[in-house]
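Participant: So the chains spell out like this:
2 protein chains.
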Amino acid sequence: MRKVSFADMNCSIAQALEIIGEWWTLLIVRDCFLGIRRFDDFVERLGISRNVLTDRLDKLVAADVIERRPYDEGRLRYDYVLTPKGRALWPVITTLREWGDEWITGEGNEPILIEHRSCGNVTHTRLVCDCCGEPLVARDVRVVDGPGSR
Amino acid sequence: MRKVSFADMNCSIAQALEIIGEWWTLLIVRDCFLGIRRFDDFVERLGISRNVLTDRLDKLVAADVIERRPYDEGRLRYDYVLTPKGRALWPVITTLREWGDEWITGEGNEPILIEHRSCGNVTHTRLVCDCCGEPLVARDVRVVDGPGSR
Numbered sequence: 001m002r003k004v005s006f007a008d009m010n011c012s013i014a015q016a017l018e019i020i021g022e023w024w025t026l027l028i029v030r031d032c033f034l035g036i037r038r039f040d041d042f043v044e045r046l047g048i049s050r051n052v053l054t055d056r057l058d059k060l061v062a063a064d065v066i067e068r069r070p071y072d073e074g075r076l077r078y079d080y081v082l083t084p085k086g087r088a089l090w091p092v093i094t095t096l097r098e099w100g101d102e103w104i105t106g107e108g109n110e111p112i113l114i115e116h117r118s119c120g121n122v123t124h125t126r127l128v129c130d131c132c133g134e135p136l137v138a139r140d141v142r143v144v145d146g147p148g149s150r
Numbered sequence: 001m002r003k004v005s006f007a008d009m010n011c012s013i014a015q016a017l018e019i020i021g022e023w024w025t026l027l028i029v030r031d032c033f034l035g036i037r038r039f040d041d042f043v044e045r046l047g048i049s050r051n052v053l054t055d056r057l058d059k060l061v062a063a064d065v066i067e068r069r070p071y072d073e074g075r076l077r078y079d080y081v082l083t084p085k086g087r088a089l090w091p092v093i094t095t096l097r098e099w100g101d102e103w104i105t106g107e108g109n110e111p112i113l114i115e116h117r118s119c120g121n122v123t124h125t126r127l128v129c130d131c132c133g134e135p136l137v138a139r140d141v142r143v144v145d146g147p148g149s150r
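These protein sequence lines are chains A and B, in that order.
When the first sequence is numbered by my numbering, its final residue is 150 and no position is left out of the sequence of numbers.
When the second sequence is numbered by my numbering, its final residue is 150 and no position is left out of the sequence of numbers.
Treat the hints with caution; some may be incorrect.
The list treats identical chains as one, so a pair stands whether inside a single copy or across any two.
No more than 20 angstroms apart at the CA atoms, straight line, and that leaves these computed lysine to any residue pairs for SDA-like [what the hints assert, rightly or not]:
1. Lys59 - Asp31
2. Lys59 - Arg30
3. Lys85 - Val137
4. Lys85 - Ala138
5. Lys59 - Trp23
6. Lys85 - Asp145
7. Lys59 - Glu22
8. Lys85 - Asn109
9. Lys59 - Thr105
10. Lys85 - Glu22
11. Lys59 - Trp24
12. Lys85 - His124
FYI, nobody ran anything at the bench for these hints, they're computed from the structure.
My request is simple: use the sequences and hints to build the entire structure.
Facilitator: Rendered as structure tokens:
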């Protein structure tokens, strides 16, 4: 399994995966987006063992992706809620879901869909250039050294 | 380590992670997008063991994310190249990189950037609604049952 850390690689993808690339982690984040907050609810929905869930939640809290919010101080019970850093994972979760919809489950078999509140339509997302607004795919871009390049 | 498969979960995210959620896999896909094609080049760039790389490439080939293209039939040597299903992962890779840029490495430390060939600018991506074209974030959408909901 994990014998190597990606944390020292000079790559934002590697460093992101160091935090969210472990087995189970993105499904926990997915459930947070669906409004799940309680430890026992994660256990029940995911079918995950309590010790693995504890490990993953601890790491997500340490990485500031999820925060613990006490709801019963006396019994030390917590809600687990996405931080701004965690909510910023929505594009990752969404593009992953749409890839699965298109290439695995297939059109017409989507388990969930999303409705855009403001325009009222069931929608899919599109990735566009934030300069010109045109759709972006891999062949449209050229990779260049960034300021943190070594 | 992996005791549970996500393949039977009725969720496109889980099914996507069953294919690309293993440790190392998305870094292999990243390198494919950067033009790496040869087994030994993956080994050298990633610092991955040959047997783990073989395992991951075999799974990616079985899942039709990568295809083997013989470049030396006599010696059974292959290039590893993304299929259309693999190239469709670009939004996942890109949103993951941009999340890492923003929340881990930080602005001004990006190891790489992308330039949009047609508009000529160094760009970031934005996720928009494909119906109305407006930017989409989690709070803008409502999750609804899809046709494959159980």
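Participant: Quick one: which hint numbers does this structure break? Sort them smallest to largest.
Facilitator: The structure conflicts with hint 6 only, although it agrees with all the remaining ones.
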